[in-house]
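Line by line, the protein sequences are chains L and H. If you count by the numbering used here, then the first sequence holds residues -17 to 217, one letter each, in order. If you count by the numbering used here, then the second sequence holds residues 44 to 449, one letter each, in order.
Quick caveat, the hints were computed from the structure, so don't treat them as lab data. Keep in mind it's a predicted model, so treat the numbers as computed, not measured. Don't take each hint at face value.
What the hints assert, rightly or not - Think about it this way: if two alpha-carbon atoms lie no more than 25 Å apart in a straight line, the pair counts; the simulated SDA-like pairs of lysine to any residue are:
(1) Lys36(L) - Val232(H)
(2) Lys334(H) - Pro46(L)
(3) Lys336(H) - Ile92(L)
(4) Lys182(L) - Ser206(L)
(5) Lys36(L) - Thr335(H)
(6) Lys334(H) - Phe41(L)
(7) Lys89(L) - Glu108(L)
(8) Lys334(H) - Thr23(L)
Stated by the list, open to error - Covered stretches of chain L (in silico footprint by chain H; criterion: 3 or more residues with CB under 8 Å from a CB of chain H, positions within the stretch not fixed):
(9) 52 to 65
(10) 68 to 74
(11) 79 to 92
(12) 126 to 138
Backbone N, C-alpha and C define an ideal beta-carbon position, used for all residues, glycine too.
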Amino acid sequence: MLKLSNIQTFYGNIMALKDVSLEVSEGEIITLIGANGAGKTTTLMSVSGIVPPKTGEIFFMGRPIHSLSPDQIVSLGISQVPEGRRIFPFLTVMENLDMGAFLRKDKDGIRKDLEYIFALFPILAERRNQPGGTLSGGEQQMLAISRAMMARPRLLLLDEPSLGLAPIIVRKIFEIIRQINAEQNTTVFLVEQNANLALKVAHRGYVMENGRITLSDSSANLLSNEAVKKAYLGI
Amino acid sequence: MVTTEGIKRSFLISLWFMFLTFPIMVIRVNTIENVIEWRWKNMMIVGIGSFFLSFVWRWLIGRKEAGRKKSESGDSIEVPPGQRIMEDRRFYVPGLIMLSIFVAVFPFVFSAYQVNIMTTALIYVMLGLGLNIVVGLAGLLDLGYVAFYAVGAYSYGLLNYHCGLGFWAVLPIGAGLAAIAGILLGFPVLRLRGDYLAIVTLGFGEIIRLILENYNEFSFGPSGIANIPRPGFFGLEMSLSTATVYLYFILIALTLFTVFVVNRLQNSRIGRAWIALREDEIACQAMGIDKTKTKLTAFALGATWAGMGGVLFAAKTTFINPASFTFLESAMILSIVVLGGMGSIMGVIVGALVLILLPEYLRGLGEYRMLMFGITLVLMMVFRPQGLIARVRRTYKFEETVRQDR
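Please work from the sequences and hints to get the whole structure.
Here is the structure:
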């Protein structure tokens, strides 16, 4: 479904991604784990076109997307939950969700998706007229995921959904991610520092170091891999 | 309230003010007779005045702090009184009726001078509402807004001079040309934010003014364009006083139109996209909002109203030259938006009326007019930094009922 081949992305003169290649198939949950500054977020930014790659190719459903603008990429069905949630603090929960459906015009479909999301996160229905900035961290993360879901993506890019949240909330959010993947058949590309949890949810995983993919295997194999255990699982 | 501590501080403040104002208030050099006058009486006035005013000042600051603490502790769900009145049908229906009667009879009750300054104020309402789109909603600080105003005014002046086009024909053309100018300015500044954007727009405003001032063959330079016709009404000949009243009603209609459009825009998806873009550009891009298009529409739509305001201005004064389009004008319009309340339509209207009418009505104070005006501005910003009528987006509703808003 999504294929990155030999991507190189730069911030000014600094090369953040060095020949990154990876593949995501339909219906999968894929996780990309790695330390701070490994290039995980940059990989997502390259896919969503916010920081376009300098060389290399990205294909989505067989279509090259590396030279498209971010809004074109969203309209193809790739939606991103940015790192640190980045909800709109002064817009209400409803308005935030509506911004997620910015490119959609099918009112009935939007209403249906809204109902689905409110069933998924009842707390958001309760707070629908509250400004996003007044929500707690966990609720904001739920809102960020819901907002991305409102675009009805085929591929959901999730950037560190566990960032700064209590373990119990993190587990709940991962539960929901798995549920979305199963119920909506949404492919999920998950970037995480919490390798243990991410690998338990995901089907396959990639390990990233200094802008390069160093390992790729099924989650079960990665969880039992000695090197991964030592470096990321703290066992 | 009056403590020894307070008296001591006020005493020190009054001493300080007496010292500060000593050279200008006390010493007067009579250059003809070569003597120095010592006006000790003035020093007494300054001392006593600042002593008492410092009490008032401290009391007001204390009240403001108390208010802020109250709102921080969370029980600020109470709606401000202005908002409450506007939302209560019992008040706003008769209020609206009274206001429209007042607006309708205004030119027949008051003098031509009053009608004239009200017309000017209404032009500024339009300008303020236009800039409000750019600054208040999209959060792009535009210091060169007057450039679009100039584009509108000169469109009318030049098109009328060369092609003989009338007011009604030029009104949409001027608006369109200003919108194009807005897009032209928008392109180079797409990547800029905050201070840098402000500087570039400031430069753009000056460029337009300097072109108008120096490109004699095109714009007739500093001497400007004279004898611009007033708006016509199916070729009817009108006396000066009728024309003034007519223009007043044109402006009332256009202001209502502006309020309607801006209100619709504000509550539309594009309006929310502007607010979202102001808050977080990356999140906007992740949502599929086209940053370029959204910013350019904000610039273009903002400039449209400035262009219309410019055409009206040219029609009102019948004479334009570059001196009317200085940076001061931009600053004035920006003050209207900020003082009135960014993003709030009512606020901008009230802000424009206050800022344009106040200096006129303060003429009674003679030479102290601008001093009083300045003091009013400073006090307003100290005590109401959110603007006269702040935009209230908060609609806390914790009921279970599904409310389908918008």
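Now the hints, each set against the structure:
1. The hinted pair formed by Lys36(L) and Val232(H) meets the criterion: a straight-line CA distance of about 24 Å does not exceed 25 Å.
2. About 22 Å separates the Cα atoms of Lys334(H) and Pro46(L), which keeps this hinted pair within 25 Å; it holds.
3. As the CA atoms of Lys336(H) and Ile92(L) are separated by approximately 23 Å, the hinted pair is consistent with the 25 Å bound.
4. A distance of roughly 11 Å separates the Cα atoms of Lys182(L) and Ser206(L); the hinted pair therefore holds under the 25 Å criterion.
5. Restraint check for Lys36(L) and Thr335(H): satisfied, since their Cα atoms lie roughly 21 Å apart, inside the 25 Å limit.
6. A hinted pair counts as satisfied when its Cα atoms are at most 25 Å apart, and Lys334(H) with Phe41(L) qualifies at roughly 23 Å.
7. Restraint check for Lys89(L) and Glu108(L): the C-alpha separation of about 22 Å stays at or below 25 Å, so the hint holds.
8. For the hint linking Lys334(H) to Thr23(L), the alpha-carbon distance of about 21 Å falls within 25 Å, and the restraint holds.
9. Restraint check on the stretch 52 to 65 of chain L versus chain H: 9 residues with Cβ-Cβ distances below 8 Å, three needed, restraint holds.
10. Residue count for the stretch 68 to 74 of chain L with a Cβ under 8 Å from a Cβ of chain H: 7. That meets the three needed, and the coverage hint holds.
11. Counting residues of the stretch 79 to 92 of chain L whose CB lies closer than 8 Å to any CB of chain H gives 5, which reaches the minimum of 3, so the coverage claim holds.
12. Judged by the Cβ-Cβ criterion of 8 Å, the stretch 126 to 138 of chain L is covered by chain H as claimed, because 3 of its residues qualify and three suffice.
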